[in-house]
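> With chain Y's structure known, arrange chains P, H and F with the ligands on it following the hints.
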Amino acid sequence: MEEITTNCVLTAKDFASDQPVRWCPGCGDYAILKSMQKALVELQMPKERPVFISGIGCSSRFPYYMSSYGFHTIHGRAAAIATGVRLANPDLSVWIISGDGDSLAIGGNHLIHAIRRNLNMNLILFNNEIYGLTKGQYSPTTQRGKVTKSSPHGTIENPFLLGELALGAGSSFYARVPDTNQKLMTGVFVEAEKHKGFSLVEILQNCVIFNDNAHEEITGKENKDDNQVVLEHGKPMIFGKERNKGLVLDCLQLKVVTIGENGVTEDDLLVHDAETENPALHQMLVRMQLPHFPIATGIIRKVQTPAYDEALREQISLEKERSKFTSLNHLFLSGNVFEIKSS
Amino acid sequence: MEEITTNCVLTAKDFASDQPVRWCPGCGDYAILKSMQKALVELQMPKERPVFISGIGCSSRFPYYMSSYGFHTIHGRAAAIATGVRLANPDLSVWIISGDGDSLAIGGNHLIHAIRRNLNMNLILFNNEIYGLTKGQYSPTTQRGKVTKSSPHGTIENPFLLGELALGAGSSFYARVPDTNQKLMTGVFVEAEKHKGFSLVEILQNCVIFNDNAHEEITGKENKDDNQVVLEHGKPMIFGKERNKGLVLDCLQLKVVTIGENGVTEDDLLVHDAETENPALHQMLVRMQLPHFPIATGIIRKVQTPAYDEALREQISLEKERSKFTSLNHLFLSGNVFEIKSS
Amino acid sequence: MLLKSPAGRENEKAYMSAKELKGAVIKFAGDSGDGMQLAGSLFTSTTAFIGNQIATFPDFPSEIRAPTGTVAGVSGFQIHFGSTGVHSPGDTPDVLVAMNPAALKANMGDLKPAATIIVDIDTFDRKNFDKAGLEADPLTDGSLDDFQVIKAPVTSMTKTSLADMGLSNKEMMQCKNMFVLGMVYWLFSEPMEPTIQFFERKFKVNPVVVEANKKVLLAGYNFAETVEAFTSSFTVPPAKKAPGMYRNITGNQATAWGFLAAAQKAGRGLFLGSYPITPATDILQELARHKWTGIKIFQAEDEIAGICSAIGASFAGDLAITTTSGPGMALKTEAIGLAVMTELPLVVVDVQRGGPSTGLPTKTEQADLMQAVYGRNGESPVVVLAASTPADCFDWAFEASRIAIEHMTPVILLSENYIANGSEQWKIQTLEELPEIHPPLPVSREEWSPYKRQAETLVRTWVTPGTAGFEHRIGGLEKEDGSGNVSYTPANHHHMVKTRADKVAKVADDIPLQRYLGKDANKLLVVGWGGQFGILVAAVKEMQEEGQSVGLVNFNYIHPLPKNTEEIFGKFEKIVVCELNNGQFVKHLRAQLPQFSYEPFNKIAGQPFRVAELKRKFYEIIERK
Amino acid sequence: MLLKSPAGRENEKAYMSAKELKGAVIKFAGDSGDGMQLAGSLFTSTTAFIGNQIATFPDFPSEIRAPTGTVAGVSGFQIHFGSTGVHSPGDTPDVLVAMNPAALKANMGDLKPAATIIVDIDTFDRKNFDKAGLEADPLTDGSLDDFQVIKAPVTSMTKTSLADMGLSNKEMMQCKNMFVLGMVYWLFSEPMEPTIQFFERKFKVNPVVVEANKKVLLAGYNFAETVEAFTSSFTVPPAKKAPGMYRNITGNQATAWGFLAAAQKAGRGLFLGSYPITPATDILQELARHKWTGIKIFQAEDEIAGICSAIGASFAGDLAITTTSGPGMALKTEAIGLAVMTELPLVVVDVQRGGPSTGLPTKTEQADLMQAVYGRNGESPVVVLAASTPADCFDWAFEASRIAIEHMTPVILLSENYIANGSEQWKIQTLEELPEIHPPLPVSREEWSPYKRQAETLVRTWVTPGTAGFEHRIGGLEKEDGSGNVSYTPANHHHMVKTRADKVAKVADDIPLQRYLGKDANKLLVVGWGGQFGILVAAVKEMQEEGQSVGLVNFNYIHPLPKNTEEIFGKFEKIVVCELNNGQFVKHLRAQLPQFSYEPFNKIAGQPFRVAELKRKFYEIIERK
Ligand SMILES: Cc1ncc(C[n+]2csc(CCOP(=O)(O)OP(=O)(O)O)c2C)c(N)n1
Ligand SMILES: Cc1ncc(C[n+]2csc(CCOP(=O)(O)OP(=O)(O)O)c2C)c(N)n1
Ligand code: SF4
Ligand code: SF4
Ligand SMILES: [Mg+2]
Ligand SMILES: [Mg+2]
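Chains as they are written, first to last, in our numbering: chain Y, 5 to 347; chain P, 5 to 347; chain H, -13 to 611; chain F, -13 to 611.
Hints were generated in silico from the structure; no laboratory data involved.
The reader is advised that the hints may include incorrect statements.
Each computed EDC-like pair below joins lysine to aspartate or glutamate, with the alpha-carbon atoms no more than 20 Å apart [unchecked claim]:
(1) P:150 <-> P:221
(2) H:438 <-> P:22
(3) H:413 <-> P:220
Chain Y with its partners taken away, still in its complex shape (with noise of 0.2 Å):
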């Protein structure tokens, strides 16, 4: 088979396939797929090196309007495939794509042991807190009370906090992403395929149709200084319109200070450390919850632990070297073989 190389350099519209992109006018995935793109070309990404590999959702049309491999595939079986994707071929550079109900509710259970296996890979999980694609009913993200499709009285649900569950499962990166900031998104992106392990994004993304302004509090313009803290490792947590709120730890518990006031400084400020192994303050950090607090964005966490797909190649070079065997042959005639001569 030929090959064709790229050696031209690409562009963010290089990126888009010729299909035309079929989610309704304003839905916030439009920006995931342009930062996306961005992100590839910051990344210097050749085009058939990144696959995306999708479940079913509005989400997981993603595939279809990028112009590298795609595959989408089943409902909430993203992570699975991508982890036979990533190690048979550790040179792809392996992108699933995912919505709350496809990776928290059907898939709830691939994901946890994704992040606990930790490949090399990472999860754009599109968080509108509904089910888009089949019209309205509510997933395990929607807040508590609401009322949808499938909840005509309101949920009676709790909540998974996706940064939270992640963390429980041992997660090694783990960012959170409004829909509307697509510069940070495009820095996130970047930062989760650099990072040598299984990086977790969650989008904060609006669903015009059937759960709009869910994230509104968070991302509408009045709001989202004053309500957002975005976290940058070795930056100290500053928010706020002015910046000139804060953060710092009170015992077990975080708590909001204005700097300025009662002798508070900048300095005496938490300085963000996504690195560090404890995850006890990320976990605070996750946990955030309007109105006491600001919603925590940016890398919360990002840690090196090991990637299995590395030990698997590991262990494959080690058994290579040490193994008694040297060719199938060999392993089928050692042992207690015997010869029938011809008589």
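The following block gives chains P, H and F with the ligands in isolation, referenced to the frame of chain Y:
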């Protein structure tokens, strides 16, 4: 159907069925069976109220050995099946019996969702860190590097820490008990049943055949006092053969101290508060690992959050009151209905 | 042309210049945002209200909001109404409403010769031709020469009629559908009162909206009348129906209500464990509205948890059901096996859609039959039923529940997108008219054991946790007959496999004989199953009227088959089995009744049969030597 | 009685007073802890080593350590060895070794008339009778009158012979199996050298254990000789076999090795995604030992992740397989549909066990056939193969891989507990002897599109991510043929359903014609499939020798069927289809070749057929008018 009421006082033996117990001699499962029978007596349970619902595994044969109602279902699905039992009949006492493979491998999704929904039932998870029934493959809790039938060169997976995963999913009740401490176990079972919500009890269970001594460092006669801190709500976190060691908090990290050394007294020690909503300390406690820390046992967390089954019942009562329909005939004949008269 | 006041129809018997038709088929087609489903539903209500037979078929794209103006984005609603012979939503529309060129393109191949086409002429421009992938303007290139095309400036007339109301452009555009609806009402001499009443009910809090819709509806009606664009108008007299109360109902709604009724007649709680999936979700959503009945709805984390929770609820004594479509069905197979082994009542509804895999989620198909009958590990017999019309979904949901409970077995009920989303008139059944359902209970403690069976039916009893003195354990390992203890004994296993099969086979003793059309026919027997019933009836009746010796049998009891099946088959020279798949029921029949020879006729296009293609096939078979 | 020195067999041609047999069947039976599996395996190795044909069948309880002394706890190992005609592990043992009353009770119904029974007399006491559920002592109550019973004090003799070695009681008891093995060696005039060498290899680090086992083995051998308990001893001369290298192999091991070979011949990496389940786990465990080959083993969190990871690996270019048994198979059905739609190579191994549901996990059955052929939503055709002997599992794993890759389709390979755990001699195939496997690759970029097909086979190409210039997307929605884009067009769907079916049907052009036994026969054709092959051969050969006009065809290609199937069937007056289920292949045949009339013969007891019961049935059919 005629009903027989059991008004005599029951003993543990009354809860044993007529089926021969078929676990291997020396298996940790025997102790769990006994503790359960004792707990039911302590709870003054009539024989017809408890229902034991298990998946598949050595552990899951448990229901056959109890004289109450039982259902030995399919692999991984016990929590889902129990959910239906619980919702259909709120008067039963529902016990899910499962193993580390059953609940954390194939059944992982149902587990985290059951925890999240917080249905009022109990899950006893026999964690022997191995697949017993299928003869010794590694499970999601097997320690990294362990040689098992399916990992002849040692596993390359990071195990789940059950407590951490459970808290990440929003657990309202989590306890950890070694199979060697029947007294503690019986007490925990009683508390689990009394708790309104989903009570998860992890038993550190020994599989003599395929993973013997996996918990030896924690349960062994020699080690158990030094390597285990048995937590009790409202009591200081003391442990050690001489009961002179304890836990204190040092910033975001626990620390082991010795009473009497460096001026440390019992009053300096952390006092266990299982009932605080803030999971931060509970998370640190479940994360403690040998050799630097003792393993935390006992009831680590026990908090009140809304239980799905109660919320559903409330919603049903409310709808019964406020619905405009009073009967199915009423519903069928409502709205755009028209009559054809005999002509 | 006569003046027909909208409300005056009942009194005025004078408009007989309108042609009287036995029935007609209308297709409303436009963008997803054009409100075609609403226009169709309102027309349906009206015509149902005046007493016509109806059958409808909505057909929409799988995207939530597909790109406007494209063929992929066309949303359609077809309604067949008439005084007699309405067995299906119809093959070929008499009237097409096309809101844009894409809607015209998507549907023009299907029309009846000389059909009437109403287009919104305002949308016929180059931009929209491009979006629709049209080279030339179909209105001028001659392709519509044989049709009667009405070019109505729907967009501009709508705007004009709303000019003084201070509405935004978007709000005005949302009324366009009422303009065409008004036109169609005029065309079929239908009253507008029910629709106006609907506006008043629906938009009570917003009088401006009521007013706007009313205005546009009337504008359309008046436009049709004034421009004299139509060469004639039609009238469809009411159908002759059994006296009683009627309502319009979709298949999914009827299914949901059938279960509500069955639980009540069994004296049991109702439990639904389900995970959303197109096109079955509406059953879940409909039942979720009726918590007042005490129904316990559990929206599970996946299909496996859905069915497993139902099995748990069944063990605990509820009438337990789970609803899904093909891909979800595939996930439930292991658990169905558990219900087979534990002999618990359970109803599994599979609203079929196009497959394999994700396939064509919004299209219709009948390709899950083999999966329903055989798709489990081991020898795992269950009862399989299929509903055949939107309204009879009620009866089959009820019957599935009755068999599940009275025979202690899982029952799979096959519905299909075509009838699940389609609607027809349902003669309302009140609870008093429905039979009781009798759960099998033990007579006394002494004689009882968990797997002790009733001699004729082989049915075990349903004793649920909480019942003192009957404590017992069940599970998925092979059971000893009688005691229910785990047993690995070879002879017991053989016996139990046979017993489970016999138990299901004996359901045939408890169901009515199969009915069929064409008692005097003997040439060709048309065999169908499930939801293609109406179309098959239409085709066969036409052929009978044309003097052909053709019979029809459409199965609802798929497994076991009714006892007289062999007898019916034996009366005919030839048998053709018609299905929307690649030949599944025909395989099932060959396995069950190998003594007959069957010819398959299959369509696998995501769409229902058409009368014309059926007749063509039947004639070919009859004439073949 | 002659002296037969253990090692002297090769030289000494004098012991001809030992009866020469064509073959014999021995069953070792005892508690799970009695080491019967080891004794059986060692005997197997020895007899294989001296060149006999062999077939074995281990049979153990589903508990890890079932309660000692009970019938439920009996673990057995049956071996059939001989110089010719060893097609199965045999019906009825010539020799039974029973380590306790329960083992005797469990097996005494199966013995050949006048068989030899060796019992450990030390275990025959009231306590053990009770555990075994025996009223009376079977040794004295007359029930064994027709057999030759050897009462050996196995327990006490073992202890005596180890008395001076300082071993614990437990350690001594672990040698009991060697005592009976020694006796059996004497009885069949077999050499003890291979076994002694085994001790020396296995317990190298522990010379005491080597010594103990050797002592007991010899003690048993000598006991048999000295007590003159046996009326005679036997000898089974070596089989005539094709020259070459041989080894003993189990079905699961052969399956694993077949895949290793196939990946190499296809020039692809090998990927296994699997979740443990009895009786398929050994394939996973065997492959896990061979990471040195580069195989990527993924022990998944469940069966769904197992198959899904394999689909991902296949997309990425590996030969991808997943292994399971019935309940796991049920969970994989949705994902198999995805592989059908995306037309990716994939091998799914189902090692069948007793069902339905959890059923009889350690027993054999052939009841997943319908699930394999039909158990998916929508029209979802796959290739189905079945292995028929332990050794040919190698060939069928290889063939399944070849078809999957060369035809771009999922292939389901049905094995069964009976052959998966059974063993036989495998004529070792080296890589050079195996054919190449050719993945379908595009010829050039210009002409290529993802769903473009090779004209004769309808196979698309396998282009994997990372290949520059061929970037494309696949998925579970219906595809447009050629381009592979999503398509909802009715005609395309019909075309694609037919194309997927044709593609699988065309595999029939690429497989050998079906072979059958009995070219001159025409009365009765015995039809079987999969792993009952050996037993069917034995039965049919005996009947042919008895002069009956009986033929045999045993299928490995289940779907599609070999092209000459019709022709073979047409030669016979009657056809009987024998299966370990309630009649599944017979249904499949009726669906595929409805022109023939088939009589089913089914056994559903968790156990293989017996020659005797087969012959009885066949005679009945032949003689029936
Ligand atoms: C096995 C299976 N079950 C159910 C469905 C139906 N289904 C498709 S997408 C979806 C949920 C989508 O929600 P989410 O993952 O949040 O994606 P979104 O559409 O919101 O982006 C469901 C229930 C399916 N396709 N397959
Ligand atoms: C669907 C399915 N997959 C796999 C199995 C095989 N299986 C039975 S039990 C088990 C694991 C048991 O491990 P665990 O839950 O830890 O229980 P234990 O035996 O250790 O108590 C497995 C893989 C099965 N019975 N069903
Ligand atoms: S339904 Fe919601 S999530 Fe789906 S495409 Fe439309 S706006 Fe986006
Ligand atoms: S295998 Fe292990 S877990 Fe199972 S019964 Fe035996 S000791 Fe217990
Ligand atoms: Mg969503
Ligand atoms: Mg375990």
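> Tell me the hint numbers this structure goes against, listed in increasing order.
Per hint list: single violation, 3.
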